[in-house]
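Add chain B to chain A, keeping to what the hints say.
Going line by line, the protein sequences match chains A and B. Under the working numbering, the residue at position 122 of the first sequence is numbered 122, and the numbers go up by one with no gaps. Under the working numbering, the residue at position 227 of the second sequence is numbered 227, and the numbers go up by one with no gaps.
Do not take every clue at face value.
Stated by the list, open to error - So the derived label-pair ranges between C-beta atoms look like this: (1) ASN248/B x TYR197/A: 34 to 42 Å; (2) ILE313/B x LEU307/A: 39 to 47 Å; (3) ASN248/B x ASP61/A: 19 to 27 Å; (4) LEU219/A x PRO299/B: 31 to 39 Å.
Hints are computed from structural coordinates only; laboratory data are not their basis. From the three backbone atoms N, C-alpha and C, an ideal C-beta is built for every residue, glycine too.
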Amino acid sequence: MSVVTRTPAPLNRTRISLLQGKARYAPTLATVGLFLAMFAAGAVMYPGFLSGQVFLNLLVDNTFLIVLAVGMTFVILTGGIDLSVGSVVALSMMIAAALLQAGWNPIAVIALVLLTGATFGLLMGLVIQVFEIQPFIVTLAGLFLARGLCYVISVDSITVTDPFFTAMAQARIPLGGRMFISPGVVIALLVVTLAFYVLHQTRFGRTVYAIGGGESSALLMGLAVPRTKVLVYGISGLCSAVAGVLFSFYSLSGYSLAATGLELDAIAAVVVGGTLLTGGYGYVLGSLAGVLILGIVQTFISYEGTLSSWWTRIVIGALLLAFILLQKLFSRKVPVT
Amino acid sequence: MNALLKHRLTWPVLALVLLLLLNQVFRADFLSVRLQDGHLYGSLIDILRNGAPTILIALGMTLVIASRGIDLSVGAVAAIAGAVSCTYIYTSPDPSSLRTAAVAVALAVVAGLVLGLWNGFLVSVVGIQPIIATLVLMTAGRGLAQLVTDGQIISVSNDSYQSIGAGFVLGLPISILIAAAAFLAAGLLTRRTALGTLIEAVGINPVASRLAGLNARTITMAVYVFSGLCAAIAGLMISSNVTAADANNAGLYIEMDAILAVVIGGTSLAGGRYSLVGTLIGALIIQTLTTTVYTLGIPPEVTLVFKALVVIIVCLLQSSRARTLLKQRRRPVTATSDVKVAI
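Here chain A stands alone, though its shape is the one from the complex:
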């Protein structure tokens, strides 16, 4: 047969990423540092900012975003993207509200919503994997489809009056010292913990990182690449459904236009949290910190009474850009000397 000629890689062309070794924690640590700095700045600028409840409210008001960011972290770690999450949240809320109105048992409703979300995600994952279409366009179609299905269910807003949902909306878990959290926070933190365990302690988690690091290498190593790639979209869909249920607890209604643009917030939280958009590097705890930063931006703007609400979007855009540039700097490849 033919002789394979191998050209040895010239030594000075071998490159390593700046993110190897301990340095891989750098983007996430930068996020946590920024959060602490912002909190400190708030404490200095506004009286009453430095309280446990202000911090806990960041969690209480953003439970759904935390769960969404967790799902998005899985997808982005593999180098993909999921634009459908906001619409799936709205769809979950609509399904829940419509079924509760029809008198279904709340537990059955929640189970069905979670199943729908996971199936929706898995189907998108299958299309992405089997037909080799870019995740961006498939999940964009998913965005349209889920949002359109919301309107098919109802064009008007549906109020949730189910006793279990209202109880969950009003329940407060006291933490002592007049501080409290909502049951949603407990669920969101459980999701984060579970995701942390899956990503760092299971074979599936290692495969997720391996795909992001290099898909063909992962395939050559014999890892279950196709299955994992489909599953991450299933996880993102499931997380979106959980977020939808949490959002229902928060808003007690279903509305077709709810959660518009939430996918942007989720992506921003993940990126600000230090996960590399090209995949392979990042931590779910970083994404949690990213959500807290988005939350604190909002808190700042509400404390600073003169600033209008649209500054939130501008600041989030600027933060997104800043962290992308930071990533660019960190993931720059340097020649080995």
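Then chain B, alone, in the frame of chain A:
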């Protein structure tokens, strides 16, 4: 016949014709165009007029996608352009004069060019992935537009300004003429010169095209600037049509419509191949689809479901994997001898 079937514009044109015929079945006067007060009226004219912003934005998007990029910020840029021009007219001492309208349009165009330059800078100089680079402006853009309008919906009354989106010249809506002019200009500029081929070369392999002596950076920058310009003009049309700037809702989801139009038109999302005529037909299909939903009496919001189904079907048809599967089923023996590069 076979060559006709294989032509990449055959299916989009067929889809458009079928959609129009479907409308005709449900509404007998659908295809008729009548002359009234010297203006052309009719559903077909409405489709063209309402579709003009989408056509324009899809035009810019086509070139961006041909260079293997994507521009998610077009809706936000359209909102900013509308906000800038309406705010200028609103605050000017002479809000109804032609001169004010001209300055407002110029300001909006400059805003579009600057924002396009910003996107191009992030993609080509800083080297950020296009989806993410334009996501920044998509996120912040509507905030910027609200900053300009101070969170209000700015209503203006300026006849010259209103004519951009709602006026008629020689019986034809001005917005169609503007879109047609932009289409012709883009076609001549990219297909009568080497520019189109250069853009495709950058889309196929930016590094190789740079090594071949192309100024890939400038070309990338140029397509984003063009996209920004198109988005700004589309924003002018949208705001002048309703004589108001709505920072939140102007051009909402129009980036999705534009991408959809481009994909339906046969331009590959992987870059390196584009068809301006295809995009035009794609944009018309989208607009006709929206009109069809109205004609059939389905709640208009459900259009999104149809659009999603169209995207999925078109993408499946475009994917090489699906084509291979289809071919194997049809001709199991000669399947391997007939390997074509289908993207």
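Which earlier hints can't be squared with this structure? Violated hint: only 4; rest satisfied.
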